[in-house]
Amino acid sequence: MAQKVFADAEAALDGVLFDGMTLMSGGFGLCGIPENLIRAIRDSGVRGLTVISNNCGVDGFGLGLLLEAGQIDKMISSYVGENKLFEQLYLSGKLQLEFNPQGTLAERIRAGGAGIPAFFTKTGVGTVVAEGKETRDFDGETYVMERALTADLAIVKAWRGDTEGNLVYRKTARNFNPMMATAGRVTLAEVEELTAPGALDKDMIHTPGIYVDRILQGATYEKRIEQLTTRPRDAARAQESV
Amino acid sequence: MAQKVFADAEAALDGVLFDGMTLMSGGFGLCGIPENLIRAIRDSGVRGLTVISNNCGVDGFGLGLLLEAGQIDKMISSYVGENKLFEQLYLSGKLQLEFNPQGTLAERIRAGGAGIPAFFTKTGVGTVVAEGKETRDFDGETYVMERALTADLAIVKAWRGDTEGNLVYRKTARNFNPMMATAGRVTLAEVEELTAPGALDKDMIHTPGIYVDRILQGATYEKRIEQLTTRPRDAARAQESV
Amino acid sequence: MAWTRDQMAARAAQELRDGFYVNLGIGIPTLVANHIPAHMTVTLQSENGMLGMGPFPFEGEADPDLINAGKQTITELPDSSYFSSADSFAMIRGGHIALSILGGMQVSQDGDLANWMVPGKMVKGMGGAMDLVAGVRRVVVVMDHVEKSGAPKLLTACTLPLTGKRVVDLVITDLGVFEIDRRGAAGMTLIERAPEVSVAEIQAKTQAQFKIAA
Amino acid sequence: MAWTRDQMAARAAQELRDGFYVNLGIGIPTLVANHIPAHMTVTLQSENGMLGMGPFPFEGEADPDLINAGKQTITELPDSSYFSSADSFAMIRGGHIALSILGGMQVSQDGDLANWMVPGKMVKGMGGAMDLVAGVRRVVVVMDHVEKSGAPKLLTACTLPLTGKRVVDLVITDLGVFEIDRRGAAGMTLIERAPEVSVAEIQAKTQAQFKIAA
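Chains as they are written, first to last, in the working numbering: chain A, 1 to 242; chain B, 1001 to 1242; chain C, 2001 to 2214; chain D, 3001 to 3214.
Check each hint, because a few of them may be wrong.
[Claimed, not checked] Straight-line alpha carbon distances no greater than 27 Å define the calculated DSS-like cross-link-like pairs of lysine-lysine that follow: (1) D/3121 - A/133; (2) B/1084 - B/1223; (3) B/1084 - C/2121; (4) C/2124 - B/1133; (5) A/133 - A/74; (6) A/94 - A/133; (7) D/3124 - A/94; (8) B/1133 - A/133; (9) A/133 - D/3211; (10) C/2124 - B/1094; (11) C/2121 - B/1094; (12) B/1133 - C/2121; (13) D/3121 - A/94.
[As the list claims (entries may be wrong)] Across the chosen pairs, the derived CB separations fall in these ranges: (14) A/147 - B/1193: 57 to 63 Å; (15) D/3181 - A/137: 19 to 25 Å; (16) A/128 - D/3152: 20 to 26 Å; (17) A/221 - D/3157: 47 to 53 Å; (18) A/221 - D/3186: 36 to 42 Å; (19) A/141 - D/3054: 32 to 38 Å; (20) A/60 - D/3060: 53 to 59 Å; (21) C/2214 - B/1084: 46 to 52 Å; (22) A/137 - D/3038: 55 to 61 Å.
Hints in this document: simulated from the structure, not taken from any laboratory.
Here a beta-carbon is modelled for each residue, glycine too, at the ideal position from N, C-alpha and C.
Hey, can you work out the whole structure from these sequences and the hints?
Shown next as C-alpha cells:
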C-alpha cells in the first residue's frame, strides 16, 4: 500500500532535490512557513534555486537561511520588505528578482495547479508589471495576460494533516500554502500534528490528499513573530482578570 | 447597522427580480439546490430568465418548476440528463440552451467572481464547444479561451450560515454554490440553520459573508433524492446490529 | 466468447495501480470499483466534489447531501474530502487524476471520443466528460464493440459530436483491448482478445484501421 | 494649520459607510480603524487572508498564526473568516471590497499612483497594492502633501514606477482633500482644506493641475 508518511524533513526530501530546480515555498512573511523543510533544504546544500514565495523570510530565519547560504539564484515574489540581505543581493545584481503583484502571484500558482496556462487580470496594467506582456480589452477595460506558475517541488506547512495527506491550515497561516500544494510536480507537506484518517472533518479539508506526495510532522516549530504588536489591558478588564 | 437577515424567501427576493434577468442557481442535480428561493421565484411570476445552473432540476421539482411555468428562455448548463421537459423544450426550439463542459462552467463562474474576464483551458478543444472561440497554443498544447460568467442574481443553498452571511456547505451539496455566491451582482443565500456570528469555525467558512447580500433560513427542506441507490446489510453486519 | 460487462470491468481494473486517484464514469466503469485488488489503495474521485467515494449506503441510511456524479446516493470513507465544483475540476484539469475510465459511443483510431450526444435524438449534455478526457493523465474507454444495430463503434473518424480529440489511451470492448498512440503516429493496436474471439471477427466488426500486437 | 496624522485618518474615516468591507494599508490608513463611528458596521479585510480583522492582541496573547498584511499580530472577531491568498485576491480583484485606503509616494492629476519603489534605492515590492488599486471599487490615498525635501507629491505625471494607472478616486493630504475623476476628463479638484490653510499655499506645494470646488 502506498505510504505518504516520512519520519522527518530530511527523509521526506530524499531524491527530490537537484541543483537548478524551481521551488515553491508557502507562507506570508514568517507566518505559515515550512520551517523544518527549509532548514533541511539548507542542510542539503542544493544550489541554483529559483524560489517562488511571497517573501524571502528574514535574516537568519525561514528562506533567509537559503539566501545566506547562497543557494538561491532567483526569487519570484511580491515583497522584499524588511529583509536587508534580500534587498542588498538584488541591488548588487547577485540575485535575480521577478516582482509579481501578490494577487497575480497567487492566481498564477492556482492556475498552475488547475491546468489553466494563462488568464487575464486588470492588476498591473500600465505599470512595469505589464511590460512585454500581451494586453487586451474586454468590455471596454484593459487587461494583461499572465501565465501559470508551477514548480519542481512545492513545500507547504499545515496545522494538521492525516496520513493520506489531507491538510487543514490555521488562521492566516493558510495564505499561499493551499495553491502551492496544487502546483508542485512533487509536493511535501509538514504539519504540527499528524493524525489518522478520519480525525479531520471531511467538509473542512483545505487541501485534499491527492495533492500531497509526502507528509511529515515537523520536529520543532519556532513560529517566530516578525512584528509583535499588542495593546495594554484596559483597567476594567485588568480588574476582571484579577 | 446593516442587516442581512430576511424572514423568508419571498421577503429576501423583494426588489431584486426583473423580467429578462440572468439568474445563477447552485446545486448539482437536486443536491444542494436553493429550493425555497426557487419556489418563491416561481410564485413571483418573473419571466424571460436566462438561468445558469449545472442542471435544470427534474419535472416538478427544483428549477423544473420554472421550466414548467415557462419562465425560462435560456439555460446555460452542462447536463440535461433525465429532465424530459428540458429535453423536449430544447428539441422543439422553445428553449435556448448553451452547453458548457461542467468544469468550464464552474471555472467561468469562479472567474466571474474573481475579476478574471477570460482564461484558457484544454477542455473542449476540437469539439463544438470551441467553435467560434479563440484557440491558442501554450508550450505545444492547444487551448481555447473561455469568458467569465456573472449574473444579476445568484441564489445559493448552504447547510449553516450566520447573520453576517458566512456560509458552510455540507458534503456534496457544496458543488456550484460557493462560486455562484461570488458571481452574482446580488447574492441570496438560504440555509437550513441560521446561527449567530461566532457559531461557525472561522477556519472552516466556505463562503465569507462579504459575498452574501441577504440570507434566510428556509421554511422547509424536502431534499429530494434523484437516484436512491442502497446495498443490503450483509449477514455479518446484520447480526452485529441485532 | 465475448466478455460480459463484469469481465470488461475486471479487465479495466487491471489498469489501476497502487496509490492511484481515479475517476469512474457511469455504467460499466462504475463496476470497476468491485474489482480493485484488496492489497491496493485506489481513491475514487467524483467530479461533483468528492475524493474517497465509498459504496452505496445501507438501506435507510441514504443522505440526500451525499451523491456521486451519477446522482446516486453513496457513502464516505475515513479519508474522504469534499470540495466545490471549481476545485474539483481544477483537480481534473490540472492533471492530478491518474486515470479516468468512462463509457463511449464512438472512438476513432486516433483516439477521438464521442459520448455525449446524438444530434436531434439524445441531448443529455457532456457533464464533466469533456473536462475529464482533456485533463486526466490516462483515459480508458469501456464500451460494447458494436451498436445494437451491429454498426461498428471503433471508426476511422467519429461521426457524432466529439467529447475530445486525441484523448483516448485504451479501449476495452466485449471483444478485445486496443491501445491508441494518441500523442504519436502509431495509431490503434489490438493487444488482447476475449477468449475464442478471432482476429477475423474483430476485423469484421471494426471500421477503424488497427495493427495487431506481436 | 495642517492636519495631523490622526486628523487625516479621521477625515479618511468619513469615506466609510455602514456595511462596507474595507481594506486599510500600512501607516496612516491603519489609524482609520480607530475612527469608525460606533453605530456603523465596517468589516476590515486583510489581504493575506482574513475578513473581520480585530484589534491588536493583549500582551502575552499574540498568536504567530494570526497576522495582518503588515505582518503585525492581530485578533479575530465573532464574524471573522480565514481564506487562502488566491481566494483573498479573488475577493479584491472581483470588486467585492468597497473601499481601499492606502498610502502613496506620488499621485498624478489623472489618478495614477506610485507607492511601491524608488529605483536603485528602495525595493520593498508592491505586495498587494497593485491588486488593491486595480480591483477595489473606490481607492483613497492618504499621504503627506509634500516630501520631506519639500518636493510636491501631487504631480501632473508620476516620475516613480506606477502602482496603477487612473486608479485613485480621492487624495487626503495634511493640507486638503482632492477628488479625482479618474474615469472621466474632469481631472483633479480641491474639495476641502485643512483649517487656516490657504489655496495659495496648496497651489505653491502642488505640481498637479487642479480645480477648486465651488
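### Violations among the numbered hints, reported as their numbers in ascending order
9, 14, 18, 20, 22
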